[in-house]
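**Student:** Listed below are the residues making up each chain.
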Amino acid sequence: MTELGTEPDPDESALYVFAVCDAPDPRVFDCLPGVAEDQPLRRLRFGDLTAVVQTVRAADFTDEVWQVRMSARDELERYARAHHDVVSAAAASCPTVPLPMATLYRSEERARQALIEETGRFRTALERTAGHSEWGVKVYSAELPEPTPTTAPPVPSRVSPAPEASAVRSRPAPGAGLAYLERKRGVQAQRERRYEDSLRLAETVDAAFQSLAAAGRRLRLHAPQAEGKGHVQVLNATYLVAERRAIELEALTRRLRGATGARIDISGPWVPYSFVGEV
Amino acid sequence: MTELDLGREAYPIPGPPNSNLADILERVLDKGIVIAGDIKIDLLDIELLTIRLRLFVASVDTAKKAGIDWWETDPALSSRAARNALQDENRELRERLDALESKSDETSDER
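Protein chains in written order, with numbering that gives the first Met the number 0: chain A, 0 to 278; chain B, 0 to 110.
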């Protein structure tokens with residue numbers, strides 16, 4: 000990785016910006032491919048901040064290409080991880096503000112100009128996240144999956160192999176209609192209870208982590224992931240936690256697991272992606 | 000640079016080593032500080048992407064095998080569930096109608 004000089008950008012190239020940092024150690028980028036194979040990751044100084052950038056083929060970064068790319072899981076994953084690796088490497092060596100994937104400029108000069116205009120926001124974000132990391136918390140309902148609602152009582156004509164059985168079908172037992180309604184109500188009530196329990200569990204865990212964190216965000220719930228345990232995700236949240244308090248996370252998680260019986264997974268430390276967007 | 004007093008010297012390696020794709024995508028797509036670029040690329044948000052890429056489809060199949068199908072039996076979440084509930088009710092009503100009819104046949108025979 001070298002400091003950018005004044006090399007002219009050919010028309011067909013564009014500049015991809017990964018992150019804005021304080022003063023990254025250039026060596027951390029040496030082994031990373033970034034999002035282009037033939038160009039090194041570089042630092043672009045603007046004012047007293049540094050952007051981590053890479054020259055890419057503009058043809059690889061058009062909206063049309065990306066719409067297709069977002070339909071190809073492997074391809075998208077490659078780009079997402081490449082972006083994330085560069086951001087993480089930068090953050091490993093200095094305070095870093097990540098940019099979302101695919102922020103591009105036509106030329107170095109255009110990039111520098113845009114970055115200078117945003118210097119205030121970068122500084123605010125750097126100050127806000129200084130000494131903090133992001134930690135993901137996922138909570139899975141501890142309960143067994145809801146049983147399939149029981150339907151009508153066994154119906155002789157359907158279960159009996161004897162063809163004449165249908166001819167002698169008896170009338171429903173007295174009160175069958177009422178029992179049917181009560182069964183339906185029971186299933187509904189059970190479903191509502193489970194839903195409320197899930198909400199309460201999510202609130203409990205969220206409140207506990209909020210009390211330790213500087214900030215918190217709810218992310219979208221992931222679709223059920225089996226892992227053979229019958230767990231359903233009820234909370235997907237992420238928290239900005241001061242590094243001096245990160246040591247408390249494990250104990251808190253253990254305590255919450257004990258108190259709720261729920262499966263609670265934590266992941267981190269992440270570069271604080273989720274806490275730089277509002278500035 | 001020294002102007003910013005960021006108050007720390009050593010930085011952890013961020014990002015758990017085995018982060019799954021969904022965890023990464025929900026950060027690199029929707030989050031980060033957004034600045035206007037020259038080249039406009041409309042990234043899908045994580046929700047649409049999940050639908051399009053079926054990020055979790057393998058897991059959902061596994062989930063079904065493990066009996067986790069709450070979203071399928073909840074009429075609010077699944078059209079199939081709504082249909083099943085209707086079918087169940089229909090079947091039950093037919094059975095009862097049959098029973099009533101055979102009963103009324105018996106009654107008229109007796110007359």
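There may be inaccurate statements among the hints.
[Claimed, not checked] Computed footprint of chain B on chain A, listed as stretches where at least three residues anywhere in the stretch have a Cβ under 8 Å from a Cβ of chain B: (1) 24-32; (2) 90-101; (3) 111-125.
[Unchecked claim] Part of the chain A face toward chain B, derived, beta carbon under 10 Å: (4) 176; (5) 177; (6) 219; (7) 262.
Hints in this document: simulated from the structure, not taken from any laboratory. For each residue, glycine too, the CB sits at the ideal point set by N, CA and C.
**Student:** Give a verdict on every hint.
**Tutor:** Status of each hint after checking the structure:
With a threshold of 8 Å between beta carbons, the proposed coverage of the stretch 24-32 of chain A by chain B is violated, since 0 of its residues qualify and at least three are required. Counting residues of the stretch 90-101 of chain A whose CB lies closer than 8 Å to any CB of chain B gives 11, so the stated coverage by that chain holds, three being the minimum. Counting residues of the stretch 111-125 of chain A whose CB lies closer than 8 Å to any CB of chain B gives 8, which reaches the minimum of 3, so the coverage claim holds. A hinted interface residue such as residue 176/A counts as satisfied when its beta carbon comes closer than 10 Å to some beta carbon of chain B; here the least separation is about 8 Å, so the hint holds.
The interface hint given for residue 177/A is broken, as the beta carbon of that residue sits about 13 Å from the closest beta carbon of chain B, more than 10 Å. The beta carbon of residue 219/A comes within 6 Å of a beta carbon in chain B, closer than 10 Å, and the hint placing it at the interface holds. About 13 Å separates the beta-carbon of residue 262/A from the nearest beta-carbon of chain B, more than 10 Å, and the hint is not met.
In this structure, the hints that do not hold are numbers 1, 5, 7, in rising order.
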